[in-house]
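We have chain A; now place chain B onto it with these hints.
Chain residues, written in single-letter form:
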Amino acid sequence: MIPAPVRYARATDVEHALELLGETDAKLIAGGQSLIPVMKLRIARPSLVVDISKLELRGVEIQGDELRVGSLTTWDDLLGAPEIHRPSLAAITECAHRIGDLQVRNRGTVGGSLAHADPASDMPAVLLALEATVQLKSPKGERAVPLVDFVLGPFTTVLDAQEIITRIVVPMPRLGSGSAYVSVEHPASGFALAGAAALSGPDDGCRVAVTGIAAQPLLLADEDPEIALETIEIFGDRFAPADYRRALAAVVARRARELAAERAKGDA
Amino acid sequence: MPETLELVVNGEPRSLEVEGRTLLVHALRDGLDLTGAHIGCDTSQCGACTVLLDGRAVKSCTVLALQAEGAEVTTIESFASDGEMHPIQRSFIGNHGLQCGYCTPGLILTAADLLARDPDPTDETIRHSLRGNLCRCTGYQPIVESIRAAGAALREGAAR
Chain A
230 MIPAPVRYAR
240 ATDVEHALEL
250 LGETDAKLIA
260 GGQSLIPVMK
270 LRIARPSLVV
280 DISKLELRGV
290 EIQGDELRVG
300 SLTTWDDLLG
310 APEIHRPSLA
320 AITECAHRIG
330 DLQVRNRGTV
340 GGSLAHADPA
350 SDMPAVLLAL
360 EATVQLKSPK
370 GERAVPLVDF
380 VLGPFTTVLD
390 AQEIITRIVV
400 PMPRLGSGSA
410 YVSVEHPASG
420 FALAGAAALS
430 GPDDGCRVAV
440 TGIAAQPLLL
450 ADEDPEIALE
460 TIEIFGDRFA
470 PADYRRALAA
480 VVARRARELA
490 AERAKGDA
Chain B
391 MPETLELVVN
401 GEPRSLEVEG
411 RTLLVHALRD
421 GLDLTGAHIG
431 CDTSQCGACT
441 VLLDGRAVKS
451 CTVLALQAEG
461 AEVTTIESFA
471 SDGEMHPIQR
481 SFIGNHGLQC
491 GYCTPGLILT
501 AADLLARDPD
511 PTDETIRHSL
521 RGNLCRCTGY
531 QPIVESIRAA
541 GAALREGAAR
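Going down the list, the protein sequences come from chains A and B.
According to this note's numbering, the first sequence holds residues 230 to 497 in order.
According to this note's numbering, the second sequence holds residues 391 to 550 in order.
Some hints here could point you the wrong way.
Just some of the chain B residues that point at chain A, by a computed CB distance under 10 Å [what the hints assert, rightly or not]:
#, residue
1, 453
2, 489
3, 491
4, 520
5, 546
Hint data in this document are derived by calculation from the structure and do not stem from the laboratory.
For every residue, glycine included, the Cβ atom is placed at its ideal position computed from N, Cα and C.
Pulled out of the complex, with its shape left as it was, chain A reads as follows:
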């Protein structure tokens, strides 16, 4: 399969990328692991692809009480980042380890995945549980959007046509926290039939987010996953009907909570 004809431009910095995005039907490309497949299927037919893969938006650092992840950080970069190797952030590596495959993790980026907003993508659940914020830049200026407000639905976000994700910011969890990501994957596609991320704090409080079961990853509103899942409109298909997904989501949510609470004990 060959994409429809498209022009290619390599951006030299964020401002240049935003300028190039001024063209109608221009699209950003970084790792291309979501965009190129849909271009090959001709579901996406941009007139121009703006390559941002060489911009300096890559890397992981802890600044004060924040974990900052550059939008061009790959899944493989996350796996190699010592900053994340702690019980409170364990869900990030646990999730990144299972995304796609080795080749996809070498190319695919955190920002690209968030912008693509596949309803079954794994990392948004983790970042929701960790209360992440997405930092955006456009010609109008910068803004920070909590992830919970960033995704509007399947493959739809609040991003303006001429706007770019620069960074994902995670507040460092308090001492004595643990996190975990547990999913059951479709064996062929690798996408989550149901996935759950949990952040367990030192005071027994717990935030749980789920993915793969609804139009978008979402935070559970109740401590009891089964009660919380009752109010969610669950998606079903020939692989996993809605009732099955609901039951599976309750299982992975419970497992994620237990694992996160267990890890919290080791966060000293």
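Coordinates of chain B only, in the frame set by chain A:
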């Protein structure tokens, strides 16, 4: 509208004309006549088109050729030198890691990425690394054994 792509392939600077939509695998196969990167599924599932891009395994059907501007690309064609096969190639032959051979170049490139980072991987790590490479002949066990043995051969070579 064709553009000039300049990159280093198997250690040699190369230059060719590509379109914005040209995929790296097509640039290698049709533009440079390097047909070792195979097209299997063409949907980023099977890994037969795997090459190294700046040392890391990627599916060349899911990279735009122009994204490789200035990069170093390594394909299976560079593995044997002076008539001597690479230890990973020898290990695949010695351990029956292939039957029809269609997936083999991709598997060898994935193994090269894995073993460069983890010279002594566990079987679990090997299996996890092969998630993106499909083989319809072997049932994978001989491939795991091939990579395990290749790791040992490379470690021995490095120690000598």
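Outcome of the hint check:
1. The restraint placing residue 453 of chain B at the interface with chain A holds, with a minimum CB-CB distance near 6 Å, inside the 10 Å limit.
2. Taking 10 Å as the C-beta cut-off, the interface hint given for residue 489 of chain B is violated, the closest approach to chain A being about 22 Å.
3. Hint status for residue 491 of chain B relative to chain A: violated, with the closest Cβ pair at about 20 Å, above 10 Å.
4. A distance limit of 10 Å between C-beta atoms decides the matter here; for residue 520 of chain B the minimum to chain A is near 8 Å, and the interface restraint holds.
5. Hint status for residue 546 of chain B: violated, given a least beta-carbon distance of 24 Å to chain A, over 10 Å.
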